[in-house]
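Visitor: With the hints as your guide, set chain B onto chain A.
Going line by line, the protein sequences match chains A and B.
Here the first sequence stands for residues 309 to 623, where the numbers follow my numbering.
Here the second sequence stands for residues 10 to 430, where the numbers follow my numbering.
By construction, these hints were calculated from the structure, which means they are not laboratory data.
The C-beta atom is built at its ideal place from N, Cα and C for all residues, glycine as well.
Accuracy of the hints is not assured; some may be wrong.
Straight line, CA to CA, 30 Å or less: simulated DSSO-like cross-link-like pairs of lysine-lysine [claimed, not checked]:
(1) A:Lys-463 to B:Lys-289
(2) B:Lys-383 to A:Lys-609
(3) B:Lys-214 to B:Lys-86
(4) B:Lys-214 to A:Lys-610
(5) B:Lys-383 to A:Lys-617
(6) B:Lys-399 to A:Lys-605
(7) A:Lys-617 to B:Lys-366
(8) B:Lys-254 to A:Lys-609
(9) B:Lys-399 to B:Lys-86
(10) A:Lys-384 to A:Lys-557
So these bits of chain A aren't anywhere near chain B, every CB distance computed over 10 Å [claimed, not checked]:
(11) Ile-428
(12) Thr-464
(13) Leu-487
(14) Ser-555
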Amino acid sequence: MAIVIEVINRTGQVQHCQVFDKDTITIGRAYTNDVIIADPYIDPVHASISAIDDSEQGLYFTCEDLSSINGISDSKGHKQSAKSHWQAGQVFSLGKTLIRINSTDTAVPAAVRLSAWEQISDSLTRARVVILVSVLCVLFTAVDTYLSSFSVQNKTAEYAIVIYLLLSIVVYAGLFAFLGKALRQDSRFWLYYTLVGLSIIFVAIYDLLSGPIFFNLNLGVSHWFDSMAYALVIALLIYFSIQSASSFKIFTRIAIASIIPGLVIINLTINMSRNNEFNWRPQYDVSAYFQTLYIAKSDTKKEVLDSSKALYQQE
Amino acid sequence: MRLLLLLLACLCTQSALSNTQRYSTDALFEQFSQSIFKVRIIDINSGSQSTIGTGFLVEDGSLLATNFHVVSALVNKPNQYRAEIDIAGESHTLELTSFDVVHDLAILQAPNKTVLGQALTLSLEPLNKGHTLYSIGNPHDIGMTVVEGTYNGLVAHRFIDSIHFSGAINSGMSGGPTITDRGDVVGINVASSGDQIGFLVPVDKLANLLSTLDNETNNTQTHYELIRQQITDFSEQAIDELLQKDWPLEKLADTQVAGQISESLSCWGDSDNNEDSRLKTVSKGCSNKDYIYINQNFTVGSIEYEYKHFSADSWNSLSFYEHINQFTSGARPSNRAHKNHVNNYACQNNVVAATDKTFAKKISYCVRSYKNIKDLYDTFYIATSIDRPKEAMMEHYTLSGVTAASAHQFLERFMEAASWQ
Chain A
309 MAIVIEVINR
319 TGQVQHCQVF
329 DKDTITIGRA
339 YTNDVIIADP
349 YIDPVHASIS
359 AIDDSEQGLY
369 FTCEDLSSIN
379 GISDSKGHKQ
389 SAKSHWQAGQ
399 VFSLGKTLIR
409 INSTDTAVPA
419 AVRLSAWEQI
429 SDSLTRARVV
439 ILVSVLCVLF
449 TAVDTYLSSF
459 SVQNKTAEYA
469 IVIYLLLSIV
479 VYAGLFAFLG
489 KALRQDSRFW
499 LYYTLVGLSI
509 IFVAIYDLLS
519 GPIFFNLNLG
529 VSHWFDSMAY
539 ALVIALLIYF
549 SIQSASSFKI
559 FTRIAIASII
569 PGLVIINLTI
579 NMSRNNEFNW
589 RPQYDVSAYF
599 QTLYIAKSDT
609 KKEVLDSSKA
619 LYQQE
Chain B
10 MRLLLLLLAC
20 LCTQSALSNT
30 QRYSTDALFE
40 QFSQSIFKVR
50 IIDINSGSQS
60 TIGTGFLVED
70 GSLLATNFHV
80 VSALVNKPNQ
90 YRAEIDIAGE
100 SHTLELTSFD
110 VVHDLAILQA
120 PNKTVLGQAL
130 TLSLEPLNKG
140 HTLYSIGNPH
150 DIGMTVVEGT
160 YNGLVAHRFI
170 DSIHFSGAIN
180 SGMSGGPTIT
190 DRGDVVGINV
200 ASSGDQIGFL
210 VPVDKLANLL
220 STLDNETNNT
230 QTHYELIRQQ
240 ITDFSEQAID
250 ELLQKDWPLE
260 KLADTQVAGQ
270 ISESLSCWGD
280 SDNNEDSRLK
290 TVSKGCSNKD
300 YIYINQNFTV
310 GSIEYEYKHF
320 SADSWNSLSF
330 YEHINQFTSG
340 ARPSNRAHKN
350 HVNNYACQNN
360 VVAATDKTFA
370 KKISYCVRSY
380 KNIKDLYDTF
390 YIATSIDRPK
400 EAMMEHYTLS
410 GVTAASAHQF
420 LERFMEAASW
430 Q
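Okay, chain A solo, but in the shape it has when bound (with noise of 0.2 Å):
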């Protein structure tokens, strides 16, 4: 009979596992231990744990407190007496190190298939993405300052922000790196750069272009497909970032990725049903474009004065 023991952190991911071919083991700080834990709050030998296999009962396991500071508590936090009973697959908490108990015998899940994503995910950790992906995101956010600031002499504080946003960059992909090495034993730091600078590249290129595309389609006030292009490209971001970083099923990632879109389209319903509400000002979109980049088709003077006319059927 051998006794398997693994110490886990608080999402379940099992951090280390030991398989000992023995009865009895004992646990603790101190080096003469079967199972050596550097956790201070554990004592030099806290525990002992036994394998028992009864023929009534089946096989369990015995902890034994050796008169330790802390004690041994369940996984809710309670604490047990000196001598406690745990079924194979238990977990239980000595210090703040949560440990599970299993024997040899336990069987284990199928290995999960690697998706396809995990191809991609590959790929744009290559040198040569982050450096593409690098350099597109500096040029794409130089060139729509340098657009946006014209009637500024002196660009220098405005150039500034590409400095701000790769260090905007870089905290994102540290904050899921640090998550996907605490939640899922992988911290691919260069893919959530990857990620976050591919959505940066996306935003630009929408700030360049939408307003062109809107002024052919003539589609009015256009705020609102703005919020939304954002709030989608946010919540892709942050669906692709959760399922490197997490083993969170694909429920669990719609709904996080959702919160930010929600908030979104719950403004805009609001906006929407606010939309009868009086509004002083005229809610009118004058933004046009050099004729070049209008491909639709233009009215004329009299199609302007008779669909006019229908705005003054309004009630």
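Guide: Coordinates of chain B only, in the frame set by chain A:
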């Protein structure tokens, strides 16, 4: 014709009754203050005054003339307010008989046409600039006051006649008479711009209103129908005046734009050559100084238009138009309005191809209707030219209190008024 004869008869009678005796200021006040009263608008629920103004007796002494804006609550919320004056310590409730919303005049009457005192005489004799006049009223509810000032003719740049009185007219004096040293009324206190710049309604407007009191059509109309009719008459006349004229073209950078179409409009201009941004702007605009008071949250009668030319040779086209878009996104209507009185603007956006008369442009045209006053609208037009990469013209106008027909004709005319040179 009958109206005209009635008016002439009225004027002749009043001229015949004009005083010949001249009074000193103190004697003037002594002689005529018994015909001038503080008008109190009482909130029926609280029993307290909510608005005060001044009024004076006219015709046979049973009618009291004042400003429409003093008694507008009787029109807008007739069940909540009533008008009162005090005579010798006794309150008399008066009823609104008629009004001229355009010229801000109202006539109140005692029940059963009770004579309340001696009426003042209206004088339609022309005055010379510098003529000394005496304005009487109850400024800030501190008591009946006489203010000496001078007649300075009609105010310029208005469609609605208004006398410029150089004297201190203050809140509470509205509706009070401004009289000559003979005690004849020449104007009705109506507004002030501060610094001794006061405005009076010319007394002939009051004579006109008094002459229509027996008009059956007026008597059968609801208050809002009467307001609609009066504003319609005013706005159609004003817009017709503008449309019938040849619009003078003035140079604005390398464009031609409509200049001062009418003497009733006041025009201005401005330019900015910002060396930091390398953006040049030059603008022209015209507007009237009229406004018709419906209530404190709702005024109509404004007409304004403006042009602004932008050029930035060193900019790229995309940035240039982004900048123009930001500039043109914050325009607002010229008149005050509240949700109780107007609906939301409905807008249409069009890109219009260039013609031989004007440039290609993106137009936003918006219209809002009135809730209580049928068939009148506020209109809002703003457009940006799009046929030059680093040069653009913004054109904009607003009209308030106009009929659909007038608005449509003005839109048609304005759309082709400006062009590249």
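Visitor: Can we trust that A:Leu-487 is non-interface, i.e. its beta-carbon lies farther than 10 Å from all of chain B?
Guide: For A:Leu-487, whose nearest Cβ neighbour in chain B is about 38 Å away, the distance exceeds 10 Å, so it holds.
Visitor: Hinted pair, alpha-carbon criterion (30 Å max): B:Lys-214, A:Lys-610. Please report holds or violated.
Guide: Roughly 41 Å between the alpha carbons, so the hint for B:Lys-214 and A:Lys-610 is violated.
Visitor: Taken at face value, is the distance from the CA of A:Lys-609 to the CA of B:Lys-254 at most 30 Å?
Guide: 21 Å, holds
Visitor: Quick one: work out the minimum CB distance from A:Ser-555 to chain B and report holds if it exceeds 10 Å, violated otherwise.
Guide: 45 Å, holds
Visitor: With the threshold set at 30 Å, check whether the alpha-carbon distance from B:Lys-399 to B:Lys-86 stays at or below it.
Guide: Since the Cα atoms of B:Lys-399 and B:Lys-86 sit roughly 54 Å apart, the hinted pair is violated (cutoff 30 Å).
Visitor: A:Lys-384 and A:Lys-557: Cα distance at most 30 Å?
Guide: Satisfied, since the Cα-Cα distance of roughly 24 Å is no more than 30 Å.
Visitor: Check whether the Cα positions of A:Lys-617 and B:Lys-366 lie no farther apart than 30 Å.
Guide: With Cα atoms ~23 Å apart, A:Lys-617 and B:Lys-366 stay inside 30 Å; holds.
Visitor: Would the least Cβ to Cβ distance between A:Thr-464 and chain B come out above 10 Å?
Guide: 14 Å, holds
Visitor: So if I understand the rule, the pair passes when the alpha-carbon distance is 30 Å or less; does B:Lys-399 with A:Lys-605 pass?
Guide: Satisfied, since the Cα-Cα distance of roughly 23 Å is no more than 30 Å.
Visitor: Within 30 Å, alpha carbon to alpha carbon, are B:Lys-214 and B:Lys-86?
Guide: 26 Å, holds
Visitor: Please confirm whether A:Ile-428 is truly not at the interface, meaning its C-beta sits more than 10 Å away from all C-beta atoms of chain B.
Guide: 34 Å, holds
Visitor: Take a quick look at whether B:Lys-383 and A:Lys-609 sit within 30 Å of each other, Cα to Cα.
Guide: Given that 30 Å is the threshold and the Cα spacing comes to 28 Å, the pair holds.
Checked against the numbered hints listed earlier, the structure breaks hints 4 and 9; every other hint is satisfied.
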